[in-house]
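Peer 1: Generate coordinates for the entire structure from the input sequences, incorporating the hints supplied.
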Amino acid sequence: MMVMAENLFSEFHSSHRSDWEKQMVQEIKQPLSELRNCNPLYPHECLPYFSHEEYDQLRFAELRNSQRKDTGWLNMPAIEIKNIAGKTRKINEKLNAGAQAILLKTENNPVEEIENILINIDKKDVPVFISSEQDPEALFEAFQSAHLSLKGGIANDPLANWMRCAKGFDQNLSGLAQLCSSTNNIPGFYPIMIDGHVYHEAGVTPEQELAMVLASFVFYLDKLTDSGLSPLASNNIFFSLSIGTDYLSEIAKLRALRMLHSRILEAYHCQKSEIPHPFIHTETSRLYYSATTEHTNIIRATSEAMSAVTGGSNALTIHPFDYGNDFSERIAMNISSVIAYESGIGQIADPASGSYFLDNRSQMMAEMAWNLFLEIENQGGIIDSFKNGFVQNLANTSWSAKVNAMREVYVMVGVNRYNTFSKNNVEVTTKKKVADGLLTSRNLSSSWYSN
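Sequential numbering of the sequence shown, starting at 1161, is according to our numbering.
Please note: incorrect hints may appear among the correct ones.
Here are the simulated distance ranges between beta carbons [what the hints assert, rightly or not]: (1) E1568 / E1426: 40 to 46 Å; (2) M1184 / G1232: 35 to 41 Å; (3) V1569 / E1537: 33 to 39 Å; (4) V1569 / N1243: 44 to 50 Å; (5) R1577 / G1597: 33 to 39 Å; (6) E1434 / E1194: 45 to 51 Å; (7) F1379 / S1305: 50 to 56 Å; (8) S1342 / D1282: 22 to 28 Å; (9) G1514 / G1597: 43 to 49 Å; (10) A1245 / S1497: 46 to 52 Å.
Heads up, simulated DSS-like pairs for lysine-lysine below, C-alpha to C-alpha not over 25 Å straight-line [as the list claims (entries may be wrong)]: (11) K1189 / K1265; (12) K1265 / K1229; (13) K1383 / K1547; (14) K1182 / K1242; (15) K1327 / K1547; (16) K1242 / K1311; (17) K1265 / K1327; (18) K1265 / K1254.
Since the hints were made in silico from the structure, they are not lab data.
Note that this is a predicted model, so its numbers are computed, not measured.
Every residue, glycine too, gets a C-beta built ideally from N, C-alpha and C.
Peer 2: Now the structure itself:
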């Protein structure tokens, strides 16, 4: 049998990169040098094709070893709480319709109102993340009073709020170390969030976003260690990132983040075997939602969701395609459910592993982000880099490149190509009037029509 197998496969010659390149030239009828190497919105240099000849097992060992070993993700819809009327009923309805976790977005609601909502959640073992600027210790007490299973966390990043709105953050940092000490032995509860949305929605590239997120992570890690906690207290921190429309780059972004998270903790002298895998929450990007053809956002959200879960997201929030009605909210939640139960991705750990292109793209993105992160640290860290305008300049330059790409080559269906107008425009982030020097939340569609 062995001889037959060898004879059979001896008829197939091993292929080399040059063979595939010749075939590609025949197919596309133009030199490979004329191919565009990347999405115009992300001006990185990346070959359109990789083979086993560029794949060095040792080179990718750090990347592979840092990825998730478990499977699946939490379907986590967001519920905004402007007033508490009917909110508990809405939460319970979503939990019965496929939601596996809840993200509560509050608008300065008193802790007592938040506690009342938590108390009336039927499923006590469901993870709940609360987006609130209230005192984190008081919010944790609300979790305890509601007799929940203490899964979830506090989705608030004082540093990001300072960059976005110039809100002071020192007072919000004072109790975080004590809270982390109290929750350190509660697996699955995260009192600190690293907010990547503030950078993404300002228009940065994925590499820049990663570098800034890492610098924010180091800022909080320094605060914890300066208070006497071990660097392993990083298991109290979770990341929340937006996922854009560049399908492969967004997969690579999440995989690169896990690798660099591990690299940073090693720099704090943590043993590799002790380093926890980071919990990464992802949201579909409001930067790319169309303000005039809302139904195209369903396709964008699906593509972004696929990137998120293929890249290893632990929890996924899909924004409704037009906000404000139960139908679009149900569609958003069902996208995650369909991917989870019908694609098979949820049954595989690190689905992107083994792809020559994705492993190379992840590694390249990680190294580019790491170099920029070191540049930020050399300037004194994320605080000083923001104060001197370095962060804002990167964001503004990258944003201008995105808008220019839409004028020249990039197609955004329903915006700069095949556009129709809807009477009920989607509620998305737009250019806001903000004080000079802050990071503004932007939207490509709205910016296109305002130009």
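Peer 1: Now, for every hint given, state plainly whether the structure supports it.
Peer 2: Verification of the supplied hints:
1. Checking the proposed 40 to 46 Å range against E1568 and E1426 shows it holds: the Cβ atoms sit about 42 Å from each other.
2. Checked against the hint of 35 to 41 Å, the C-beta distance between M1184 and G1232 comes to roughly 37 Å, which is consistent with it.
3. A beta carbon spacing of about 35 Å between V1569 and E1537 agrees with the range 33 to 39 Å that was offered as a hint.
4. Under the hint 44 to 50 Å, the C-beta atoms of V1569 and N1243, about 46 Å apart, fit the expected range.
5. Evaluation of the 33 to 39 Å hint for R1577 and G1597 yields a pass: the beta carbon distance comes to about 35 Å.
6. Roughly 50 Å separates the CB atoms of E1434 and E1194, a value that falls within the hinted 45 to 51 Å.
7. Roughly 31 Å separates the CB atoms of F1379 and S1305, a value that falls outside the hinted 50 to 56 Å.
8. The beta-carbon spacing between S1342 and D1282, approximately 27 Å, falls within the hinted interval of 22 to 28 Å.
9. A beta carbon spacing of about 45 Å between G1514 and G1597 agrees with the range 43 to 49 Å that was offered as a hint.
10. Against the hinted window of 46 to 52 Å, the Cβ-Cβ separation of A1245 and S1497 comes to about 28 Å, which falls outside the hint.
11. For the hint linking K1189 to K1265, the alpha-carbon distance of about 52 Å lies beyond 25 Å, and the restraint is violated.
12. Taken as a hint, the K1265 and K1229 pair is broken in the structure, with Cα atoms around 30 Å apart against an allowance of 25 Å.
13. For the hint pairing K1383 with K1547, the CA-to-CA distance comes to about 19 Å; that is within 25 Å, so the pair holds.
14. For the hint pairing K1182 with K1242, the CA-to-CA distance comes to about 60 Å; that exceeds 25 Å, so the pair is violated.
15. Taken as a hint, the K1327 and K1547 pair is honoured in the structure, with Cα atoms around 14 Å apart against an allowance of 25 Å.
16. For the hint pairing K1242 with K1311, the CA-to-CA distance comes to about 24 Å; that is within 25 Å, so the pair holds.
17. For the proposed pair K1265 and K1327, the alpha carbon gap of about 18 Å is at most 25 Å, so the pair holds.
18. Annotation: proposed proximity of K1265 to K1254 holds, straight-line Cα distance about 15 Å (limit 25 Å).
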